[in-house]
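Here the protein sequences line up with chains D and B, keeping their order.
Counting along the first sequence from 1, when you hit position 222 you're at 222 in the numbering used here, and nothing is skipped either side.
Basically the numbering used here = 1-based index in the second sequence + 1000.
Quick caveat, the hints were computed from the structure, so don't treat them as lab data.
Watch out, some of these pointers could steer you wrong.
What the hints assert, rightly or not - So these bits of chain B aren't anywhere near chain D, every CB distance computed over 12 Å:
id	residue
1	1008
2	1044
3	1183
To be verified - Per label pair, the in silico range of CB-to-CB distance:
id	chain 1	residue 1	chain 2	residue 2	range
4	B	1125	D	468	39 to 45 Å
5	B	1072	D	49	34 to 40 Å
6	D	49	B	1225	47 to 53 Å
7	B	1069	D	480	26 to 32 Å
8	B	1125	D	367	45 to 51 Å
9	D	425	B	1078	44 to 50 Å
10	D	367	B	1126	46 to 52 Å
11	D	60	B	1016	39 to 45 Å
12	B	1070	D	480	29 to 35 Å
13	D	468	B	1141	33 to 39 Å
14	D	49	B	1029	45 to 51 Å
Bear in mind that the values here come from a model prediction, so they are computed numbers and not experimental data.
Each residue gets a CB set at the ideal place from its N, CA and C atoms; glycine is no exception.
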Amino acid sequence: MSDFFSLSLSNPGLLGLAGLMICGVIAWASGLARLISAGNRAKFQRSVILAARSLWLHKLRSFLSVLGIIIGTAAVISLMGFGKGSMQDALADIKRQGATNIIVRSVKPPDDSFTASRGFVSNYGLVQKDLDRFQTFGDAISMTVPMRVFPTETRYLDRMINGRVVATVPEYAEVNKLEMASGRFLVGGDDVERNDDATMLNVCVLGAEAADKLFPFENPIDQSVQMKSMRFKVVGVVKERMPTGGTGGSLAAEDYNRDIYIPFKTSVARFGGIIFTRASGSRSAEKVDISQVTLTVDAEVDSPAGRAKVQAIGDEVKRILEEEHYQKTRKRDYAVTIPLDRLEEAERSQTRFTNLLVVIASISLVVGGIGIMNIMLATVTERTREIGIRRALGAKRRDITMQFLVEAVVQTTIGGLCGVILGLSNLFTLPFLAKWIASEKLPAEVDVRAIYLSVIVSIGVGVVFGLYPAWRAAKLDPIEALRHD
Amino acid sequence: MPAIVRIVDLVKNYYMGGAVTVHVLKDLNLSFDEGDFIALMGPSGSGKSTLLNVLGCLDRPTRGRYFLGEVDVSEMSDDQLSEVRSTYLGFIFQSYNLLPQYTVVENIELPLLYQGIKLDERTKERCIELAGMVGLGDRLDHRPLQLSGGQQQRVAIARSLVNDPHLILGDEPTGNLDSRTSVEIMQMLRGLNRAGKTIIMVTHENDIAAWARRVVRLRDGRVESDTRNDTRVMAEMN
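Next comes chain D alone, as it looks inside the complex (with noise of 0.2 Å):
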């Protein structure tokens, strides 16, 4: 269906536009350039200043005549901007995701229903080996980030927050772009190895609402938390995160604000590979190694080639997960998210729909040319006696013909330039609007493509409305036309 739209409508709609507002802006320049090879630029320059004139006599007229294209114009600049803005908002949204990341979760199967319900623990996701195996793309990932994530009551004195724990590796900070409120996060010497090395202190950093929920009044640096029976040094606090996702795709709107991280490592020592949840009246039990891993592909997204690198390894990743997981144990319990596959999804959805709107908008902009010539054909009418005693006093039918055409592209100029400002001072205004009105997020982004396609257009439609009637008039007979009352 979407497709359907794309072909049927956006392209064949706007080539087809386009193409005869080229034709008409051809047609137009040539008339220029013979004009003003001829020497005669004095001669065009009054018969603009002549044209203004004759519009500036008829002012309510002539404004309600290139209303339409007022309307198109800012129709089109404001539509293709904000097309444009939340284009970005969504580029933005995955781009803070990583936009070269893949992201490989460990998920749990569906038809291990039978082992959940007896009481067995369930043995599925992503393990070490797999992690070996990512090594071997090398230098093409630039960080491999391992995370285990489970939920865990996290004391301090009376005070409990029930949030994910989160064990991981320092790079995952950089991966996710996270920005510390004090202290530091994890770095490489914290890992504890086994569980019976008491010479090895717990480090935990702990997510804004964690720290505001535990420490309301406390500095958290330096203090300990306890989970389960272990305590942990708090060594720093994560900056408030906006939470991901709203775009739709498999990655779920997360909030991490009540996440605490500690090492990867340490998670293993500690809490052992063996994991139990609790949900009311029954307990489950699962072994999951490794929840998540997040590869980041050293490649910049903004080039195709990059783009293609970061394809290219998650068809590779895809292949090696198959191999290990499903040809072994017929079971799919991983799933592959690709970021990028979100943001090319966006943009071309993002195009499709900015595109039809252009149409849409377009439509606007024909009508407008229609009235132009509506307009222009009463004037003629109107003023063919004018006509007949400019024939008789020496002009020439190109001379009546481009006085015709310089009022109507003249028209369609000022309409189309304040068009422009209007779709400008939309693009400016509604997103207060909004936000005060409504407190809806309106982004608007001013697309410079869109100021010249819309004045070229509304140019454009001047020539091409304007030419019938500029060459209804140029055809009048100079005695007929005189004789006309």
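Chain D is fixed; fit chain B onto it per the hints.
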């Protein structure tokens, strides 16, 4: 005196659709001298207006030749005729035919717009000078509708002079004016003629035709009479 206008076996037919043909001018032969002042007269339908249109290069003859000076203009293209009008001819109409949106000076300037010459202070000064010559030096920025009929016709006369034409054509120049104003206009035209301009005008009033030096009467597309006004009578009128 050399002939400025010479028409040879001039025929003008109008085709009224179908097989109906109206023969307006029938093998007309006429020659007008440079510096002359000619009145074309005749009842309506006699072909005097058609003749004036042909002489004014607004219409082309069906057959025959029309020499303007030495040049045969009877087979010129539309563009060439426009150029001839712009360069050699001046027009004065019964209903003045000024452009209402332009000022007096701009109306006088109008023929220059189509000559391809640059409109600057110099041309504007010439227009102001002409406006002063026809007695409208104090009305330069008035619009036609703010002027009386006689004043408008004087603007039209100034306009017909701005391109320094070889020939001035008048289509009943006093037709819309009262007799006192008509005399003013005719005095002005006579003055121009004395200064060397060739004038051909259509009129159906004898006392207007009396201002001309030569009166050509048409009837049914042919010359009925061709007389010279008595110079003694003309002298008396002054």
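Self-check item: Numbers of unmet hints, in rising order
Solution: Violated hints: none; all satisfied.
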